[in-house]
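My request is simple: use the sequences and hints to build the entire structure.
Residue strings, one per chain:
There are 4 protein chains.
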Amino acid sequence: MIIVLKPEATEADAKAILEQIESVKLKPLYMPGTERIVLGALGDERILNNLNIAANPMVENVKPILSTYKQVSREMQSHDTQVKFGDVTIGGGSFAVIAGPCAIENRDQIFKSAEIVKKHGAVGLRGGAFKPRTSPYSFQGLEEEGLKLMQEASKEYGLPCVTEIVDPAHVELLEKYVDAFQVGARNMQNFKLLKAVGQSQTPTLLKRGMSATIEELLLAAEYIYNEGNHNVVICERGIRTFERATRNTLDLNAVAYIKTKSHLPVIVDPSHGTGIRELVAPMAKAAVACGADGVIVEAHYDPQVALSDGAQSLDEASFAKMMRELTPFVQAAGKVLA
Amino acid sequence: MIIVLKPEATEADAKAILEQIESVKLKPLYMPGTERIVLGALGDERILNNLNIAANPMVENVKPILSTYKQVSREMQSHDTQVKFGDVTIGGGSFAVIAGPCAIENRDQIFKSAEIVKKHGAVGLRGGAFKPRTSPYSFQGLEEEGLKLMQEASKEYGLPCVTEIVDPAHVELLEKYVDAFQVGARNMQNFKLLKAVGQSQTPTLLKRGMSATIEELLLAAEYIYNEGNHNVVICERGIRTFERATRNTLDLNAVAYIKTKSHLPVIVDPSHGTGIRELVAPMAKAAVACGADGVIVEAHYDPQVALSDGAQSLDEASFAKMMRELTPFVQAAGKVLA
Amino acid sequence: MIIVLKPEATEADAKAILEQIESVKLKPLYMPGTERIVLGALGDERILNNLNIAANPMVENVKPILSTYKQVSREMQSHDTQVKFGDVTIGGGSFAVIAGPCAIENRDQIFKSAEIVKKHGAVGLRGGAFKPRTSPYSFQGLEEEGLKLMQEASKEYGLPCVTEIVDPAHVELLEKYVDAFQVGARNMQNFKLLKAVGQSQTPTLLKRGMSATIEELLLAAEYIYNEGNHNVVICERGIRTFERATRNTLDLNAVAYIKTKSHLPVIVDPSHGTGIRELVAPMAKAAVACGADGVIVEAHYDPQVALSDGAQSLDEASFAKMMRELTPFVQAAGKVLA
Amino acid sequence: MIIVLKPEATEADAKAILEQIESVKLKPLYMPGTERIVLGALGDERILNNLNIAANPMVENVKPILSTYKQVSREMQSHDTQVKFGDVTIGGGSFAVIAGPCAIENRDQIFKSAEIVKKHGAVGLRGGAFKPRTSPYSFQGLEEEGLKLMQEASKEYGLPCVTEIVDPAHVELLEKYVDAFQVGARNMQNFKLLKAVGQSQTPTLLKRGMSATIEELLLAAEYIYNEGNHNVVICERGIRTFERATRNTLDLNAVAYIKTKSHLPVIVDPSHGTGIRELVAPMAKAAVACGADGVIVEAHYDPQVALSDGAQSLDEASFAKMMRELTPFVQAAGKVLA
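Protein chains in written order, with our numbering: chain A, 665 to 1002; chain H, 665 to 1002; chain L, 665 to 1002; chain W, 665 to 1002.
To be clear, the hints were calculated from the coordinates, so they are not data collected in a lab. Among the clues, some could well be false.
[What the hints assert, rightly or not] Covered, in the sense of this in silico footprint (three residues per stretch, anywhere, with C-beta under 8 Å from a C-beta of chain A), are these stretches of chain H:
id, region
1, 872 to 881
2, 904 to 914
3, 937 to 947
[Claimed, not checked] Covered stretches of chain L, as calculated for chain H (at least 3 residues, CB under 8 Å):
id, region
4, 798 to 809
5, 831 to 837
6, 842 to 853
7, 882 to 896
In this text the structure is predicted, and so the values were computed from the model without any measurement. Heads up, the beta-carbon is just placed ideally off N, CA and C, and yes, glycines get one too.
This is how it looks when you write it as structure tokens:
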């Protein structure tokens, strides 16, 4: 429920209402604006109705929040959220390109890969240290050793970095090394993990689950947001369908749809979304065209020797080409490359 | 199998080989180029291997066609096909916007709808006269009466028109009134219908089936092409997935993928692909960004009174806005609006 | 809308109401029962409400039909429909096994295949003469020649036979040779074809489309039923999902669900539903357990030489084994093998 | 790789080979049989080939494991695994019915529900204490308080109990109260959790992820097995497809398929697999018919007051009816109710 106060309402008026909300065990929200104060109340709305807040003389109007997700919805906040990732802003009028290898493999690989993506315009570095792999016999990542290497490369090339978190107990460990968490597709409904990253303030890239509906994705974001971490970036990375020509079906409808329903920034992963190197650039262009705030792509200084995802990783030439092709589309969208 | 002849090979040499191919009941293809003649042979390649065509002194080389679709593949023809729809060219460097109502309802409706789409830049008119409806109790279309009305509107506003064909026996009837056939999603594997339109020369918009793979879509195109009608335009219109927020999941991966595999033009239907008016413009922009040659959208002078698909139809204001927004993206793609 | 007349209502009373219904262009239905007459009215219910039929003194009560399908629903007819296929009854307390090759290939093949399935308990013969194939270069069937061969085998072994119909113009041709039509998955929404078979009285096996919802399937059945052909048997044959280990995902939920919603008999095709020979028997047993009225399976005297679907066809030994295993489950279901 | 030793090979011979395997950092497996010793080696098979184990005179033969999952495959162990759940055996010739409420709500509810399922033949009790809910605002379970209540009910009625584990850190906590863990669909690829339960010896019910392929499901089982916990029971609970009439699409193909590929027991959850109370019994019967070793169903003494999943929960009458109907099908399958 959203409670808009009258222009003359004071902070004390607001506080009284918030206490009333809290007294019936609902979650109170305080959202002061430039012209008037807006309050929120989350939980069982039947309880709230009994309080009869609309009758308070300082209340201008009261309206229900129709979507199942609340705090991440545009009903609650109509303007776009911007998330700081290192010194880069995601959301608003810029378009951010984050790039790097699937997994951190060794110092040489992460440095060379960081170098080429920096050179051609990436503003962030990606790389996995704890890899969730379908088979227990596949390469599981360099773990903390990988994080150290990424942090060094990140500093060397001035690129804030993001890595996947797979364990609620890893929050502090990862925060020592990286600028943002990624919650992967397989963990999108690992609610313990969502709550753990929600209790930090580290920016979090939330990837859509392989068969998650848009509503479930936004409710997963709500889990993080509701714990107090508002630095959430949604990532569309393709869904699982019957189509076999591409690794996943990139659902750009979801990007355009989420932009109408939520104030959170949305980025696209055309590498996992297609699984085919040649399709990464066209789909990155489509992402900016339908309203995305950035892309995260797999790039490797030499994809042929990559331990994972080689077929969808860009090499220097194809990454540079993508950046060149992307530029006029970013302009057409009225944005600037971050 | 593709057979490239030596530069000095004559038409008579080619003819001899074609006869050899025909003699073993394979399908011979004759593709004269500016520099040399290329021949094709379709059917069981084991039979062909026995002919030992590579040993012919006029043959430069012989290579198999790896994809299951043959004539529509880039292996057979590397340059883009362009299809004439009235005086509009689909494919090549232009981007075509075709628009109009879901169903033709009455004279007033089709005229007013044609007027507004023409005014804001559409180059073709769409409208259904024979409607394939899920329920036998839904409006089934005005049939021939509808075709007459569309033809009048088409002439009045100088817009070539396209309508859905649902019966192999309707080819001649429809050709009296329209410039192009549409084979709908539900009929994509109605092979009798594909063969019937294949035996005409009328341009045909082939819509992807709701759960058709890209390979099945291109094989459906091959059915039409193989009968002799090369004027085929592929249309991506969304696939059926678990996602329920949008009517279908528009698979733009498929557009980028097909452009690498086939020489046929590809257009996108963001109206059926999303089912939500607000998403039509963003997805039309994404379509041009990922390489599509046009879009086909539902537009109605007053969507609130539409007998079908009102929720996804654009009115004049939203159609005009889409066209304005589309323009810079068409330029960014290095194309011009048809 | 269903209109239940009072016990004392006469045929003349019924006729008066039916004329009233017809006068407003709705479809009247006359369903005399042993104790009272029931009428139906199909079409726009707002129009019907204006007639105020409930006020007629001969009317006991009037209730709307809630499902989108009407005549095939249990709301309209609560008892099970039984369909005669040759001298075999499908539906009611029996369980029918129909078997035979995917395609009719030659006299020897159809005779030998018919012989083995008859020997081990099949009551019907299947076989394709007009094959809808994904590729135009695949074997398309023996056409009329195949029908003749099947009819001979059918008579020789006393097995009524069913074959796929792919063209509305083929109704009469097929009726010369076969006892039942099959409408295939790819044509489930070929409404011209549904109407054509609906205008005959030939029993029709309607296969679920690869991505058709249960509601769409029942509405397709409604198309046939609404034209006057009430001899419709629904066939679940697997749907298209992300799973790749099996050819399709056999949706037995659909069988149990349809049995609660519709009075039509339902059979299952575990051959296409799995695509794997070893899974045909377990899924046939599961079919009877969840309420199906029969199965249709692919069986071939020598699957290794089959021109299509060899991997999912049963040979004599595996067909015999399936029949033996099936028997106790048919008894557990309180049914008898037809 | 599987290494079959000659009958005369001693334990010492085996040990020597296992050390050789370990020396190149592959995982050695020791599987003594009644007639001869079988060894396994997991990891990069190219490395293994260099050891040239086949040349060892005590080795009879060496064969690769073709499936991506190894230890859970029938290639590695051909006989069925049986898992002890309290004093109940799952797998082998018995059919186990586990039942209980979705969530433990209070003492009265779990006791009354346990009483009715015990009375009509269930051999195990289910109930959630830590509930993974899509929305942060939904009831999240009674947590440890719920576990205590379930343990009391479990003892009172002599029913071993199973509950969902959602956090790797909860292994010890849950072991104090329950007889088996359930890894839920949303956590099927939470590899940290799989490893954590793998390091215990507590029987674990592994539910298939909503869009997990069968191969991914078996690889998730392999994660648990590979850590040393061999007490794994696979659970098919429906996959996410386009069909909306049922909550999920129960994939019984998967049951029959897994029984051919893996030695692990497989049970079915027809409650989540259908989402509709009326379909639970027919699909439970289908489960036994296609080879399942048991079912887990939601039952509640009064579904109308259930805090979650009321629509799919059985009440006493419908649970009793399911058990009665199930019995002849269990017999038809040659099994006995556990």
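Each hint tested on the structure:
Chain A is given as covering the region 872 to 881 of chain H, and this holds because 4 residues of the stretch bring a CB closer than 8 Å to a CB of that chain, at least three being needed. Given as covered by chain A, the region 904 to 914 of chain H passes the check, having 8 residues with a CB less than 8 Å from a CB of that chain where 3 are the minimum. Only residues whose beta carbon comes within less than 8 Å of a beta carbon in chain A count, and the region 937 to 947 of chain H has 7; three or more means the coverage holds. Judged by the Cβ-Cβ criterion of 8 Å, the region 798 to 809 of chain L is covered by chain H as claimed, because 4 of its residues qualify and three suffice.
Under a criterion of three residues with beta carbons nearer than 8 Å to beta carbons of chain H, the stated coverage of the region 831 to 837 of chain L is upheld, 3 such residues being counted. Under a criterion of three residues with beta carbons nearer than 8 Å to beta carbons of chain H, the stated coverage of the region 842 to 853 of chain L is upheld, 3 such residues being counted. Given as covered by chain H, the region 882 to 896 of chain L passes the check, having 4 residues with a CB less than 8 Å from a CB of that chain where 3 are the minimum.
Going through the hint list in order, the structure satisfies each hint without exception.
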